[in-house]
Amino acid sequence: MIAAAQGDGVTESFAGKVGITYEEAAQRLALREEAIKLLIKLDSTITTRFAGKDFVENPMVITIRLKGDDPVAPQFVKTPHGTVSIVFVVGATYSLEDLRTVIDSGKVRQTFPEAHGLGIDGQRGEIYVDLPDEYFDADHVLAREAATRSIGVPIQLRRSRAAARNL
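Counted the way our numbering counts, the sequence shown spans residues 40 to 206.
Don't read these hints as lab results, they were simulated from the structure. Just so we're clear, the structure is a prediction, and the values are computed from it rather than from any experiment. Glycine included, every Cβ here is placed at the ideal spot set by N, Cα and C. Do not take every clue at face value.
Pairwise CB distance ranges, derived in the manner of DEER restraints [said to hold, decoys possible]:
hint : residue 1 : residue 2 : range
1    : Glu63     : Arg197    : 31 to 37 Å
2    : Arg71     : Thr187    : 33 to 39 Å
3    : Gly130    : Glu72     : 26 to 32 Å
4    : Arg188    : Glu63     : 45 to 51 Å
5    : Val128    : Leu157    : 22 to 28 Å
With a Cα cut of at most 30 Å, we get these calculated DSS-like pairs of lysine-lysine [unchecked claim]:
hint : residue 1 : residue 2
6    : Lys80     : Lys117
7    : Lys76     : Lys117
8    : Lys92     : Lys80
9    : Lys56     : Lys117
10   : Lys117    : Lys92
11   : Lys56     : Lys76
12   : Lys92     : Lys56
13   : Lys76     : Lys92
14   : Lys92     : Lys146
Please take these sequences and the hints and turn them into a complete structure.
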């Protein structure tokens, strides 16, 4: 696969951006693909506990956050392109499924009707709300704390990059 990728613009761009050789870039990108395949396989077995993930490259380590306290042993998977280490960190209060349910309920949109966007920060286990710049006054920290209490899950308020507009 790596030899077949010679001349690949994505690989060349990645190599230049990171400051590594083309061969090293091809190896890392192939290992990323392997890691994604492993995550897809894992997803079906941990859906109700899955609370987020983080990647670190060179060496490839995937850290998966899990809801609850039941430990899961780390996995070390050898692939044709290198080893992928999967580490499970337990103790998250909410799974991503839990946070999606809260977003789907409409509570966040009702609390922040001026939001430009909503989503889930899987690394921090929070729902984020993108708000217009003018929302960020001295009271925005209190508003975040109040929203976290009333909605029942951690809320992160972020400045929106979109310009405010009337709908």
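Verification of the hints:
At about 35 Å, the beta-carbon gap between Glu63 and Arg197 stays in the expected band of 31 to 37 Å. Checking the proposed 33 to 39 Å range against Arg71 and Thr187 shows it holds: the Cβ atoms sit about 34 Å from each other. Range check, Gly130 to Glu72: about 30 Å between beta-carbon atoms, so the 26 to 32 Å window is met. For Arg188 and Glu63, the hinted distance range of 45 to 51 Å is satisfied, since their beta carbons lie about 49 Å from each other.
For the hinted restraint 22 to 28 Å between Val128 and Leu157, the CB-CB distance of approximately 25 Å keeps it satisfied. With a CA separation close to 15 Å, the supplied pair Lys80 and Lys117 stays within the 30 Å bound. For the given pair, Lys76 sits about 13 Å from Lys117 by alpha-carbon distance, which is consistent with the 30 Å threshold. Annotation: proposed proximity of Lys92 to Lys80 holds, straight-line Cα distance about 14 Å (limit 30 Å).
For the suggested pair Lys56 and Lys117, the alpha carbons sit about 27 Å apart, so the restraint of at most 30 Å is met. For the suggested pair Lys117 and Lys92, the alpha carbons sit about 20 Å apart, so the restraint of at most 30 Å is met. Simply put, Lys56 and Lys76 have alpha-carbon atoms about 25 Å apart, close enough for the 30 Å limit, and the pair holds. For a cut-off of 30 Å, the pair hint linking Lys92 to Lys56 stands: about 24 Å separates their Cα positions.
The suggested pairing of Lys76 with Lys92 holds, with an alpha-carbon distance near 14 Å, which does not exceed 30 Å. Annotation: proposed proximity of Lys92 to Lys146 holds, straight-line Cα distance about 25 Å (limit 30 Å).
Against the hints set out earlier in the document, no violation occurs for any number.
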